[in-house]
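Listed here are the chains, written in short residue letters.
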Amino acid sequence: MSQNEFAPWNDPAAKPLIQFKNVTKQFGDFTAVDDLSIDIYEKEFFALLGPSGCGKTTMMRMLAGFEKPTSGTILLDGKDISPIPPNKRSVNMMFQSYALFPHLTVYDNIAFGLKRSAMPRDEIDGRVKDMLRLVQIEKFANRKPEQISGGQRQRVALARALAKAPKLLLLDEPLSALDKKLRQDTQFELMDIQEKTGTTFVIVTHDQEEAMTVASRVAVMNFGKLVQVDTPTQIYEAPNSAYVADFIGDVNIIEGNATKDGDRVSIAWAEGQPDIIGTPSQPIGDGRVSFVIRPEKIAISSDKPADRRNAVQGKVLDIAYLGNMSTYHVEMPNGMVIKAQAANQRRRDSLPFTWEDPVWLSWSDTAGVVLEGSGQV
Amino acid sequence: MNWRRIALISVPFLWLLGLFLVPFFIVLKISLSDIALAIPPYTPTLELSEGWSGLRDLVAQLDFENFAFLADDDLYWKSYLSSVQIAFVSTFMCLLIGFPIAYGMANAPTEWQPTLMLLVILPFWTSFLIRVYSLIGLLSQEGMINQFLMWIGLINEPLMILNTNWAVYIGIVYTYCPFMILPIYATLIKLDGSLLEAAEDLGCSRTEAFWRITIPLSKAGIIAGCFLVFIPALGEFVIPSLLGGSGTLMIGKVLFEEFFANRDWPVASAVAVILLLILIIPIVMYQRNEQKMMEADT
Amino acid sequence: MRRLTWFNATSLTLGFAFLYIPMIIVIIYSFNESRLVTVWGGFSTKWYGELFQNEAFLDAALVTFQVGLISSLIATILGTMGAYVLVRGGRFFGRTLFSGMIYAPLVMPEVITGLSLLLLFISIGLDRGMTTIVLAHATFSMCYVSVVVSSRLVSFDRSVEEAALDLGCTPFDAFRSVTLPIIAPAVISGWLLALTLSLDDLVIASFVAGPSSTTLPIKVFSSVRLGVSPEINALSTILIGIVTIGTVAASLTTKRAALRRKREQQMAEQAS
Numbered sequence: 001m002s003q004n005e006f007a008p009w010n011d012p013a014a015k016p017l018i019q020f021k022n023v024t025k026q027f028g029d030f031t032a033v034d035d036l037s038i039d040i041y042e043k044e045f046f047a048l049l050g051p052s053g054c055g056k057t058t059m060m061r062m063l064a065g066f067e068k069p070t071s072g073t074i075l076l077d078g079k080d081i082s083p084i085p086p087n088k089r090s091v092n093m094m095f096q097s098y099a100l101f102p103h104l105t106v107y108d109n110i111a112f113g114l115k116r117s118a119m120p121r122d123e124i125d126g127r128v129k130d131m132l133r134l135v136q137i138e139k140f141a142n143r144k145p146e147q148i149s150g151g152q153r154q155r156v157a158l159a160r161a162l163a164k165a166p167k168l169l170l171l172d173e174p175l176s177a178l179d180k181k182l183r184q185d186t187q188f189e190l191m192d193i194q195e196k197t198g199t200t201f202v203i204v205t206h207d208q209e210e211a212m213t214v215a216s217r218v219a220v221m222n223f224g225k226l227v228q229v230d231t232p233t234q235i236y237e238a239p240n241s242a243y244v245a246d247f248i249g250d251v252n253i254i255e256g257n258a259t260k261d262g263d264r265v266s267i268a269w270a271e272g273q274p275d276i277i278g279t280p281s282q283p284i285g286d287g288r289v290s291f292v293i294r295p296e297k298i299a300i301s302s303d304k305p306a307d308r309r310n311a312v313q314g315k316v317l318d319i320a321y322l323g324n325m326s327t328y329h330v331e332m333p334n335g336m337v338i339k340a341q342a343a344n345q346r347r348r349d350s351l352p353f354t355w356e357d358p359v360w361l362s363w364s365d366t367a368g369v370v371l372e373g374s375g376q377v
Numbered sequence: 001m002n003w004r005r006i007a008l009i010s011v012p013f014l015w016l017l018g019l020f021l022v023p024f025f026i027v028l029k030i031s032l033s034d035i036a037l038a039i040p041p042y043t044p045t046l047e048l049s050e051g052w053s054g055l056r057d058l059v060a061q062l063d064f065e066n067f068a069f070l071a072d073d074d075l076y077w078k079s080y081l082s083s084v085q086i087a088f089v090s091t092f093m094c095l096l097i098g099f100p101i102a103y104g105m106a107n108a109p110t111e112w113q114p115t116l117m118l119l120v121i122l123p124f125w126t127s128f129l130i131r132v133y134s135l136i137g138l139l140s141q142e143g144m145i146n147q148f149l150m151w152i153g154l155i156n157e158p159l160m161i162l163n164t165n166w167a168v169y170i171g172i173v174y175t176y177c178p179f180m181i182l183p184i185y186a187t188l189i190k191l192d193g194s195l196l197e198a199a200e201d202l203g204c205s206r207t208e209a210f211w212r213i214t215i216p217l218s219k220a221g222i223i224a225g226c227f228l229v230f231i232p233a234l235g236e237f238v239i240p241s242l243l244g245g246s247g248t249l250m251i252g253k254v255l256f257e258e259f260f261a262n263r264d265w266p267v268a269s270a271v272a273v274i275l276l277l278i279l280i281i282p283i284v285m286y287q288r289n290e291q292k293m294m295e296a297d298t
Numbered sequence: 001m002r003r004l005t006w007f008n009a010t011s012l013t014l015g016f017a018f019l020y021i022p023m024i025i026v027i028i029y030s031f032n033e034s035r036l037v038t039v040w041g042g043f044s045t046k047w048y049g050e051l052f053q054n055e056a057f058l059d060a061a062l063v064t065f066q067v068g069l070i071s072s073l074i075a076t077i078l079g080t081m082g083a084y085v086l087v088r089g090g091r092f093f094g095r096t097l098f099s100g101m102i103y104a105p106l107v108m109p110e111v112i113t114g115l116s117l118l119l120l121f122i123s124i125g126l127d128r129g130m131t132t133i134v135l136a137h138a139t140f141s142m143c144y145v146s147v148v149v150s151s152r153l154v155s156f157d158r159s160v161e162e163a164a165l166d167l168g169c170t171p172f173d174a175f176r177s178v179t180l181p182i183i184a185p186a187v188i189s190g191w192l193l194a195l196t197l198s199l200d201d202l203v204i205a206s207f208v209a210g211p212s213s214t215t216l217p218i219k220v221f222s223s224v225r226l227g228v229s230p231e232i233n234a235l236s237t238i239l240i241g242i243v244t245i246g247t248v249a250a251s252l253t254t255k256r257a258a259l260r261r262k263r264e265q266q267m268a269e270q271a272s
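Protein chains in written order, with our numbering: chain A, 1 to 377; chain B, 1 to 298; chain C, 1 to 272.
It cannot be assumed that every hint is accurate.
Pulled a few chain C residues facing chain A out of the computed Cβ check, cut under 7 Å [as the list claims (entries may be wrong)]:
no.	residue
1	D157
2	S159
3	V160
4	E162
5	L167
6	C169
7	T170
8	P181
9	E264
10	A268
Covered stretches of chain A, as calculated for chain C (at least 3 residues, CB under 8 Å) [as the list claims (entries may be wrong)]:
no.	stretch
11	75-88
12	102-116
So these bits of chain C aren't anywhere near chain B, every CB distance computed over 10 Å [said to hold, decoys possible]:
no.	residue
13	S34
14	Q53
15	A56
16	L153
17	L180
18	A184
Derived from the structure by calculation, the hints contain no laboratory data. We put the beta carbon where it would ideally sit given N, CA and C, even for glycine.
Please model the complete structure; the sequences and the hints are all you need to start from.
This is the structure:
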C-alpha cells in the first residue's frame with residue numbers, strides 16, 4: 001500500500017505545511033485548546049478525532065481564520081497566519097452544514113470563490129466544469145441547493161471548497177449528515193479525490209471508523225490536548241493510553257501489578273488466577289499497570305489450549321450476535337467480565353457455545369498492550 | 001475594530017440616541033419646568049450661550065411643582081387608576097375571546113391554517129383608525145346593534161353604548177384581539193400532540209388534559225399576549241376619544257388634551273413621565289417573558 | 001389532534017364574525033345612496049365620486065404617501081443595520097442600551113413618543129412639517145424593521161456567511177452577496193410593515209405635523225369626531241380593499257413558492 005511509503009512525519013528533513021506551536025485558545029474561563037503543538041505535512045489526510053467539546057473544531061476554525069489563538073502561533077508554510085483574515089488565506093473549508101448559498105445555483109456556488117480570486121474570467125468556467133466533473137454532479141449545475149439531495153449537496157460543498165485549489169482543505173464533520181451506507185461510499189471517494197488533487201486535507205470527526213478509514217494520521221484529542229498522534233494502525237494496535245484504546249473500538253482493560261520477567265512482564269490481576277504474560281512496547285518498571293487487549297485478539301475454546309501461556313476459564317454470560325461475528329461476554333471467577341470475539345463461520349443454529357457454558361479464553365504473549373498506571377479513563 | 005464596523009454600529013445607534021433617548025430627557029426636563037406665556041411656553045429654557053453656568057442656573061430653577069400639582073388634582077390620579085382598570089379589564093376580555101380563537105386555529109385541519117392565519121393578520125394590517133371607526137356606526141344609538149336588539153324585542157328603547165366605557169372596552173378588545181391571538185396560537189401550534197395523548201393514556205380526561213397540559217404549556221404565549229394588549233391599551237388615545245364619553249378618563253386622552261387644548265406643556269410632560277413610570281414594570285416583565293420564550297426555543 | 005370539533009368551529013366562527021362584521025358593514029354602507037348612515041337607500045357609488053373631488057382628502061393622501069415612502073425607506077435601511085448590529089455586531093460599548101432602544105419603542109405609548117419628539121424638534125428649532133413627520137416615523141418604524149429582520153438573521157445558518165469569507169469575500173462583500181439576498185424577504189416585509197405603520201399613524205403625526213402637512217389619518221380623525229360619514233365609509237373601503245388584495249396576493253405568492261419548493265425537493269430525493 002502507498003501508505004507505507006508516504007510517511008513524511010518520520011523524515012526529519014521534511015518541512016511541515018502546518019505547525020501549531022504551543023497554541024492555547026480560551027473562551028472566557030473555558031480552555032478549548034490547551035498548549036498544543038503539532039506538525040501536519042503536505043499531502044497528508046489528517047484526522048482530528050475526539051468527543052464533542054474536545055477542541056477539534058476550535059483547531060479547525062483557527063486554521064480557517066474564524067478564531068484567533070489566545071497564545072502561541074500557527075504557521076502555514078513557515079509563515080505566521082494569525083494576522084491574515086479568513087478571506088486572504090489559501091485555506092478553504094467544507095462546513096458541517098455545507099453552508100451552500102441558497103440563492104445561488106450549484107454552478108454559481110462553485111464559481112463563487114473563483115470570482116473573488118485573481119483567476120481570469122474566461123478560465124473560471126473551465127475550472128467550475130472540472131470541479132463538477134470531479135465530484136460527478138455535472139447534471140445538477142443549474143439547480144439550486146434545495147433542489148438536490150443531501151448527498152449531492154455534500155459534493156457541491158466539497159467542489160466549492162476545492163475550486164480555488166487551496167493549500168489546505170478543512171473538512172468539518174463532512175459526512176455526518178449522510179446515512180451510513182452513503183457515508184461509507186463517500187469516504188472512499190474523499191480519499192480518491194484527495195489523492196487526485198494532492199491537496200492536504202484536515203478532517204474533524206467524532207466517528208472513529210471514519211477517521212481510521214480515510215486518514216494517513218489520526219490525532220486523538222481530549223480536553224483540548226492531544227492524547228496520541230499516529231497512523232490508524234498504530235492507534236489501534238498500540239494505543240498509548242487506556243483513553244485511546246477505549247475510544248477506538250472495543251477493548252478489555254485489566255488492571256494488575258507487574259513484575260519484570262526478561263523482556264516480558266507478568267501481571268498479577270486476580271487471586272487464584274495465573275498471571276497474565278504481556279509484552280510492553282517500551283521498558284516499564286514494576287508496579288500498577290493496565291493490560292489492554294482487543295476482543296478479537298482473544299480466542300474462545302471449550303478445552304484449555306495447550307500452546308498458550310495466557311489462558312483463563314470462565315462462563316458465558318451473554319452473547320451479542322452481530323451477524324458476521326459474535327461477541328461473548330465471559331465472566332471470570334472473580335466477577336470480572338472479559339469480552340471475546342469469534343467469527344461466525346457456521347450458521348447460527350450451530351454456534352459452538354451458549355449461555356452458562358464453561359469456556360477457555362486465551363491469547364498470545366504479544367496480543368495485548370501493557371500500559372503504566374491504572375486504566376481509569 | 002475597523003472604521004466600517006464603527007460606522008455600521010454608530011449610524012443606527014446615534015439615530016436612536018438622538019431621536020428616542022434624548023427626547024425623553026427633554027420631556028423629563030420640561031416636566032420640572034414652569035408654564036409661561038412664551039414660545040416655547042415654559043420656563044426656564046437652556047441658554048447655550050452662557051455655557052456651564054447657564055446649565056447650572058437651569059438646574060437650579062427646576063422643581064417638582066408639576067408633580068405636586070398632579071398629586072393634588074384628583075383628575076390625574078383618577079385617570080391613571082381608570083386607565084389601569086380599563087386596560088386590565090379589556091386585557092382579560094381579550095384573553096377570554098382570543099384564547100378560544102387561537103385554540104380553534106391551532107386545532108383546525110392543517111390545510112386551513114394559512115388561511116386562518118391570514119384572517120387574523122388582515123385586520124392587523126388594516127388601518128387602526130378605520131377599525132375603530134367601523135365600531136362607531138355599530139354601537140351608536142341608531143346603530144346596527146340597537147336596531148337588531150329592538151327588532152328581536154329584547155329592548156324597547158336604544159341602549160347607550162357609544163360614548164360610555166362599554167364602548168371603550170369593546171373598542172380595545174376589537175382592535176387588540178389579534179395581538180392576543182397570535183402569540184397564543186404560536187405556542188399552541190408548537191405543542192406536541194402526543195403530550196395530550198400521553199396524558200389521556202395515563203388516565204386524564206380530555207378536559208383535565210387541557211387544564212394540566214395545554215394551559216401550562218401555552219403560559220408564555222398567554223403572558224406575551226396579555227402584555228401586548230395591556231401595555232398599549234394603558235396609553236391608548238384614539239379609542240377613548242372616539243368611542244368613550246366625556247366621563248371616560250384615560251391618561252393618554254388627558255395628556256393629549258393637556259397639551260393641545262390647555263397648552264400646558266410642563267404638566268403634559270409630567271403626565272407622560274408618570275405614565276412611563278407606571279409602564280416600566282409591565283414592560284420589563286414582558287421582556288423577561290420574551291427572553292424566556294426565546295431561550296426555550298433554542 | 002387536528003380535527004374540527006363543534007367547540008372549535010363555534011369559537012372560530014364567532015371570533016371571526018366579531019373581527020369582520022364591523023368592517024363588512026362599513027363596506028356595505030359605503031355603497032349606500034342615502035347620506036343617513038343607518039338607513040339603506042339603494043346602491044350607489046356616488047360617495048366615491050365625492051371623495052375623489054374632496055381636495056383636502058386628496059392633499060392629505062398625497063402627504064401621507066410621500067411621508068410613508070420616504071420614512072419607510074429610511075426605516076428599512078436603518079432597521080436592517082440595527083438588526084445586523086444586534087445579531088452580528090458582537091460586543092461593543094453600549095450594546096445593552098442599544099438593544100433597549102430597539103425594543104422600547106415597540107411598547108411605548110404613542111402619546112409619549114409623539115410628545116417627546118415634538119419637544120425635541122421645538123428645542124432644536126426644527127419647523128414642524130413633512131420633515132419632522134418623516135423623522136418621527138422613520139424612528140419608530142426602524143425598530144419594527146429591526147425586530148423582523150433580526151429574527152430572520154438569528155435563524156439562518158451563520159456558517160453560510162463564514163463560507164463566503166472563507167471563499168475570499170471581504171465582510172462587506174459577504175453581506176452584499178450572501179447575507180442580503182438571504183434576508184431579503186424579511187427586509188421586504190419589514191419595509192411593508194414600516195410603510196403600513198407610517199400610513200396608519202395618527203397620534204405621533206398629530207404631535208409633530210405642522211399646519212401645512214396634514215396627513216390622511218389626521219384628516220380622517222377630525223372628520224370622524226363629528227360622526228359617521230359616507231365619504232369616510234368609501235375611503236375605508238378603498239383602504240381595506242388595498243390591504244386585502246395586498247395581503248392575499250402576498251400569501252398566495254409565498255404559498256405557491258413553498259409548493260414549488262416542496263415539489264422540487266421531492267424530485268431531487270427521487271433522482272438521487
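Hints versus structure:
no. : hint    : result
1   : D157    : 5 Å, holds
2   : S159    : 4 Å, holds
3   : V160    : 5 Å, holds
4   : E162    : 6 Å, holds
5   : L167    : 3 Å, holds
6   : C169    : 6 Å, holds
7   : T170    : 6 Å, holds
8   : P181    : 4 Å, holds
9   : E264    : 4 Å, holds
10  : A268    : 5 Å, holds
11  : 75-88   : holds (count 4)
12  : 102-116 : holds (count 5)
13  : S34     : 13 Å, holds
14  : Q53     : 21 Å, holds
15  : A56     : 16 Å, holds
16  : L153    : 14 Å, holds
17  : L180    : 13 Å, holds
18  : A184    : 19 Å, holds
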